[in-house]
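Q: What follows is each chain in one-letter form.
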Amino acid sequence: MSEPAGKISVHCTVNGRALILETYPMARLLDVLREQARLTGTKEGCGEGECGACAIEIDGALVNSCLVPALQAEGTKIRTIEGVATENQLHGVQQAFLTHGGAQCGICTPGMILAAINLLARNPHPTDSEIREGLAGNLCRCTGYTKILASVVEACRAAQQATEPRP
Amino acid sequence: MEPRIIGTSVPRKEGRDKVTGAARYVDDISFPGMIHGLTVRSPAPRGRIVNMHFDSGIPWPDFTIVTAKDIPGKNCVMLLIDDQPALADGFVNHPEEPVLLLAHPDKYLLEEARRAVRIEIEPSAGVFTIADSLARREIIWGLDNIFKSFRVEKGDVDSAWSSAAFIVEGEYETGAQEQLYIEPQGIIAQAGPAEGVTVWGSLQCPYYVHKALLPLFGLPKDRIRIVQTETGGGFGGKEEYPSMIAAHAALLAWKSGKPVKMIYDRAEDMVATTKRHPSRTIHRTGVTRDGKLLAMEIDFTIDGGAYQTLSPVVLSRGTIHAAGPYECPNVRIKSRAIATNAPPHGAFRGFGAPQSVFALERHLDRIAHVIGLSPEELRRRNFIRKGQTLAVHQVVREQVDLAGLMDRAFELCEYHAKRERFTHENLHAFVKRGIGFASFLHGAGFTGSGEEYLASEAALEVTCEGRVRVFAGSTEMGQGTNTVFSQIAAETLGLGCDQIEIAQPDTARVPNSGPTVASRTTMIVGKLVETSARAVQKSLLDSGLLKSNYTPAEFNAACAAYINVHGPLQSLTKYQHPCDLHWDDERYQGDAYGAYAWAVYVAEVSVDTRTAEVHVDDFVAVQEVGKVINPILAAGQIEGGVAQGIGFALYENCVWQQGRMINGQMTNYIMPTSMDIPPIRVFFEEIPYERGPAGAKGIGELPLDGTAPAIANAIAQATGADIRRIPITPEVLLEILESVHV
Numbered sequence: 001m002s003e004p005a006g007k008i009s010v011h012c013t014v015n016g017r018a019l020i021l022e023t024y025p026m027a028r029l030l031d032v033l034r035e036q037a038r039l040t041g042t043k044e045g046c047g048e049g050e051c052g053a054c055a056i057e058i059d060g061a062l063v064n065s066c067l068v069p070a071l072q073a074e075g076t077k078i079r080t081i082e083g084v085a086t087e088n089q090l091h092g093v094q095q096a097f098l099t100h101g102g103a104q105c106g107i108c109t110p111g112m113i114l115a116a117i118n119l120l121a122r123n124p125h126p127t128d129s130e131i132r133e134g135l136a137g138n139l140c141r142c143t144g145y146t147k148i149l150a151s152v153v154e155a156c157r158a159a160q161q162a163t164e165p166r167p
Numbered sequence: 168m169e170p171r172i173i174g175t176s177v178p179r180k181e182g183r184d185k186v187t188g189a190a191r192y193v194d195d196i197s198f199p200g201m202i203h204g205l206t207v208r209s210p211a212p213r214g215r216i217v218n219m220h221f222d223s224g225i226p227w228p229d230f231t232i233v234t235a236k237d238i239p240g241k242n243c244v245m246l247l248i249d250d251q252p253a254l255a256d257g258f259v260n261h262p263e264e265p266v267l268l269l270a271h272p273d274k275y276l277l278e279e280a281r282r283a284v285r286i287e288i289e290p291s292a293g294v295f296t297i298a299d300s301l302a303r304r305e306i307i308w309g310l311d312n313i314f315k316s317f318r319v320e321k322g323d324v325d326s327a328w329s330s331a332a333f334i335v336e337g338e339y340e341t342g343a344q345e346q347l348y349i350e351p352q353g354i355i356a357q358a359g360p361a362e363g364v365t366v367w368g369s370l371q372c373p374y375y376v377h378k379a380l381l382p383l384f385g386l387p388k389d390r391i392r393i394v395q396t397e398t399g400g401g402f403g404g405k406e407e408y409p410s411m412i413a414a415h416a417a418l419l420a421w422k423s424g425k426p427v428k429m430i431y432d433r434a435e436d437m438v439a440t441t442k443r444h445p446s447r448t449i450h451r452t453g454v455t456r457d458g459k460l461l462a463m464e465i466d467f468t469i470d471g472g473a474y475q476t477l478s479p480v481v482l483s484r485g486t487i488h489a490a491g492p493y494e495c496p497n498v499r500i501k502s503r504a505i506a507t508n509a510p511p512h513g514a515f516r517g518f519g520a521p522q523s524v525f526a527l528e529r530h531l532d533r534i535a536h537v538i539g540l541s542p543e544e545l546r547r548r549n550f551i552r553k554g555q556t557l558a559v560h561q562v563v564r565e566q567v568d569l570a571g572l573m574d575r576a577f578e579l580c581e582y583h584a585k586r587e588r589f590t591h592e593n594l595h596a597f598v599k600r601g602i603g604f605a606s607f608l609h610g611a612g613f614t615g616s617g618e619e620y621l622a623s624e625a626a627l628e629v630t631c632e633g634r635v636r637v638f639a640g641s642t643e644m645g646q647g648t649n650t651v652f653s654q655i656a657a658e659t660l661g662l663g664c665d666q667i668e669i670a671q672p673d674t675a676r677v678p679n680s681g682p683t684v685a686s687r688t689t690m691i692v693g694k695l696v697e698t699s700a701r702a703v704q705k706s707l708l709d710s711g712l713l714k715s716n717y718t719p720a721e722f723n724a725a726c727a728a729y730i731n732v733h734g735p736l737q738s739l740t741k742y743q744h745p746c747d748l749h750w751d752d753e754r755y756q757g758d759a760y761g762a763y764a765w766a767v768y769v770a771e772v773s774v775d776t777r778t779a780e781v782h783v784d785d786f787v788a789v790q791e792v793g794k795v796i797n798p799i800l801a802a803g804q805i806e807g808g809v810a811q812g813i814g815f816a817l818y819e820n821c822v823w824q825q826g827r828m829i830n831g832q833m834t835n836y837i838m839p840t841s842m843d844i845p846p847i848r849v850f851f852e853e854i855p856y857e858r859g860p861a862g863a864k865g866i867g868e869l870p871l872d873g874t875a876p877a878i879a880n881a882i883a884q885a886t887g888a889d890i891r892r893i894p895i896t897p898e899v900l901l902e903i904l905e906s907v908h909v
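Protein chains in written order, with this note's numbering: chain A, 1 to 167; chain B, 168 to 909.
In case anyone wonders, no lab produced these hints; they're calculated from the structure.
Fair warning: there could be bad hints in the mix.
[As the list claims (entries may be wrong)] Restraint-style ranges between C-beta atoms, simulated for each label pair:
#1 A:R17 to B:P290: 43 to 51 Å
#2 B:A727 to A:H125: 52 to 60 Å
#3 B:E578 to A:T13: 52 to 60 Å
Note that CB positions come from ideal geometry on N, CA and C, so glycine has one too.
Chain A with its partners taken away, still in its complex shape (with noise of 0.2 Å):
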């Protein structure tokens, strides 16, 4: 579909940084960042918001990027996957899937990893059918989900044990 309006620049901040895109309004959110913004870890599976390939947050909150217009961009702080470690210290939940194979061929990985982190975000401790609730927006077609359980139980219990006081 060609755009038939003009560009607009979208004011955004983007895994901390500012940015303004220049882009179409009804583009693709998800288009604009990995190919204006080169942040090509956020992924496209189905383009109509069922695998979850595509997940970042935007202002907290978790949503499919194939499904959001750039303009909606404007104003809001995005995190998109290459957000989540910082230097050479990966995040918990990062650590998790790579210790205990919650990533096989990866492709899912990016939203899935940003699915797990938004839901400890909003709820820390949660049960194994919480999780399975949590994650049930991001399809992965190698796993069965099994290991992905199982790192995501295991961050909760990493975070839960940095927290902890030591004696």
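Following the hints, put chain B in place on chain A, whose structure we already have.
A: Below, chain B alone, put in the same frame as chain A:
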């Protein structure tokens, strides 16, 4: 010596890049001047191409347009044979068949252009079902619509019927299944008469693509180069189809002189690319009074779609697995792959076996019911044992204890107690519960003499810094090739995994290790890696530059010294077929596979009899797979395969209309989510296989075979429903439930 690295869950080699989003998949790559390509496809299932209209309003001169006439070499996508054209030339044989290619720098305009091309077809009658194809309602392929047929004979089936106390018959069907890797298919190509053709893409088998492009361009081997990029799942779906997309991208690049990227969107990927072959199996089985299998007659048919592609090979595996891990003196299996006017069906994890194993394992439960034995007792009396012969006359030489696997699985899920309890509780419940199982085998590696013909190679070299590089054509697509090869090389060389590098599969750099399919990568190619590592180690030891019981630092120093004195240190190993494995292609008899994995899977389900919805509540998977090289990766293979098997059994329903899939979206083709999957409890028995690396056998496809029949048998136990086909959607189950008056 105790292994240090084999048997430990070393983290995935490329895992860090995957969890940080740094891993580069094909759509994440772009080249200067790159333009986008797409495919215009046939709107009709079969007929003559009368005309191609280009509507006005599109700046056509700005587009690169390719038709069959632009192909520099032969118009085919070479696989086993050359019957499939890269672009239809004058006639189409299935819906969505590629007819014309377009390329342009603006992908939005390109999409508009696609809609502005109209392919006019003068329709011919098509064939859309197995029955119509077998009845030769129209001849659409060859002389008889048959791509391939096999006949397996053991003993004397015809004479056996008269001594059977029971004869049980049954017909079973399985539906098409979409691989549904989350990364859609995609290729980038660069091509020109001077430079040759280079392809980067999401693919399983670089050398398949290489072979396909040779006749298409008529170029020498060294002018075609295929590079695998990070691949977001394959499951067979990226075994043969990437050759088609590579052909298209390369043709557009050849004509435009620019790099061309072709990425399928989900809808195109689902309607146009391969799926698991739909199947029909007819069983007739004679059983003695005490429950011994006496005669099995099996008629197995798969729907191959419009071109032959890999159907003969899929049929072969399905045929060989059709009689299962049971001893039966008289067996006849007749099988065939037939043509219909649908897009070709293709490789999908399990490769024919999930279809024929579903039929057999449902049939055995029905036999047990008829003759008044429990399903487990019937199998126990017929399990194959070491020294006995399978249907294809293969004498089982490995240690096998299916009864032991079954006992362990039953204990882990309290099978007997649950079966009894559910039977009692179900009497007065709307939600009925059931528990069922399947026992099965899966052969690892290419069938019969396949590995001998492949003659795969893998190589290993060391650098003067002591870095170790593995060169293999085997691809990583999530299943763990990189990690497993690192572990095998590190273990053999006495190093850490970090010291091992796996070269990117690139036909200009790596030898042909055969395709990454058939549960063969660890067992066959892993062994070549192990042998190469051993040879390099021996060179270092024999040179006197390295003493045994060395440290990594001493190894590094020895590499530097060796290379300084003798030059590069590398070793290439070619597959040697064991001389005691024999296969007769004519009679379809012999050692079908070097090794088998053996398994018993148990599924527990609940069925809401008001909505006919099924949920799998618990799943226990017990298997003997030789030595497990990486427990987390191995369990991950089984868990993921079981989840795909749950989809195959319950949810994944391709809806066809005149050869076209009409639910080609993730919104209406339903794969399991985290809410649909039970705890999958995986257990390994490990009996080292002497010819596998560190004793390993193949496991990748195994879990697809037994999952669906275990679930179907559990539903039958819960409801009394006589399940004959999958997927068991609520609509299908409701119809059966109404007929049994639950």
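Q: Going through the earlier hints one by one, which of them does the structure break, listed in rising order?
A: 1
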